[in-house]
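Same order as they appear, the protein sequences are chains A and B.
Counting in the working numbering, the first sequence runs from 1 upward without gaps.
Counting in the working numbering, the second sequence runs from 109 upward without gaps.
Just so you know, these hints were derived from the structure itself, not from any lab.
Worth double-checking, as some hints may not be accurate.
Facing chain B, from chain A, some residues (calculated, C-beta under 7 Å) [claimed, not checked]:
1. E41
2. G42
3. L45
4. A48
5. I86
6. M95
7. L96
8. F98
9. G100
10. G101
11. M105
The beta carbon of each residue, even a glycine, is placed where N, CA and C say it ideally should be.
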Amino acid sequence: GQQLNQSPQSMFIQEGEDVSMNCTSSSIFNTWLWYKQDPGEGPVLLIALYKAGELTSNGRLTAQFGITRKDSFLNISASIPSDVGIYFCAGLGNMLTFGGGTRLMVKP
Amino acid sequence: DTAVSQTPKYLVTQMGNDKSIKCEQNLGHDTMYWYKQDSKKFLKIMFSYNNKELIINETVPNRFSPKSPDKAHLNLHINSLELGDSAVYFCASSQLGRNYGYTFGSGTRLTVV
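Go ahead and model the full structure; you've got the sequences and the hints to work with.
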């Protein structure tokens, strides 16, 4: 089946630093999504990408849809403590397939 | 108003018991899903229903039986619970054909002892 490889698995950074995480797939997707999961909650959609090469921002978050349609990355600029959580990439085909997640920890 | 709501939030039960988790969405979506999140936080789809019809069944043991009385509800019944069933179960919904992603509920943490 389809597999999404997400890296890094975890990051521990200082408040104010920028963060970058990425996702690669063995298959092509026409839509890439990035979700955030807070403790005790379900994943919440952050950014959706629909076209190869597309670069989309949502506040301090920026995501790109890779040219090959097999990868995507998410950047968070000037991290703050509430950015803590697990970030998931997801590819949408006939169903939504998730990467393994990146656990982000921010030190004030 | 909660868009996708599932109950209960926590469920602790003994091996061998039968339990149900309920899910309702008020978004007017036509497709609903159940995902399982294991201890390593990996999210894996279990089932998908579109307008009360099963469209995806990802090789889940037949002890798991989803039921969709209408397109706003998708319940999950689990028979003969096993220790390995312990996980967080998420319900989600979407509108088929629209690539806006899925909206998730807040999860049900199932612990089998």
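Results of checking the hints against the structure:
A distance limit of 7 Å between C-beta atoms decides the matter here; for E41 of chain A the minimum to chain B is near 5 Å, and the interface restraint holds. Among the interface hints, the one on G42 of chain A holds; its C-beta lies about 3 Å from the nearest C-beta in chain B, closer than the 7 Å criterion. The beta carbon of L45 of chain A comes within 5 Å of a beta carbon in chain B, closer than 7 Å, and the hint placing it at the interface holds. The closest approach between the C-beta of A48 of chain A and any C-beta of chain B is roughly 6 Å, which is under the 7 Å cut-off, so the hint is satisfied.
For I86 of chain A, the interface hint holds, since its Cβ comes within 7 Å of a Cβ in chain B; the closest pair sits about 6 Å apart. Against a cut-off of 7 Å between C-beta atoms, the interface hint on M95 of chain A holds, since the closest Cβ of chain B lies about 5 Å away. Using the Cβ-Cβ criterion of 7 Å, the hint placing L96 of chain A at the interface with chain B is satisfied: the shortest such distance is roughly 5 Å. At a threshold of 7 Å, the smallest CB-CB gap from F98 of chain A to chain B is about 4 Å, leaving the interface hint in force.
Checking G100 of chain A against chain B by beta carbon gives a least distance of about 6 Å; that is within 7 Å, so the hint holds. For G101 of chain A, the interface hint holds, since its Cβ comes within 7 Å of a Cβ in chain B; the closest pair sits about 5 Å apart. The interface hint given for M105 of chain A is broken, as the beta carbon of that residue sits about 14 Å from the closest beta carbon of chain B, more than 7 Å.
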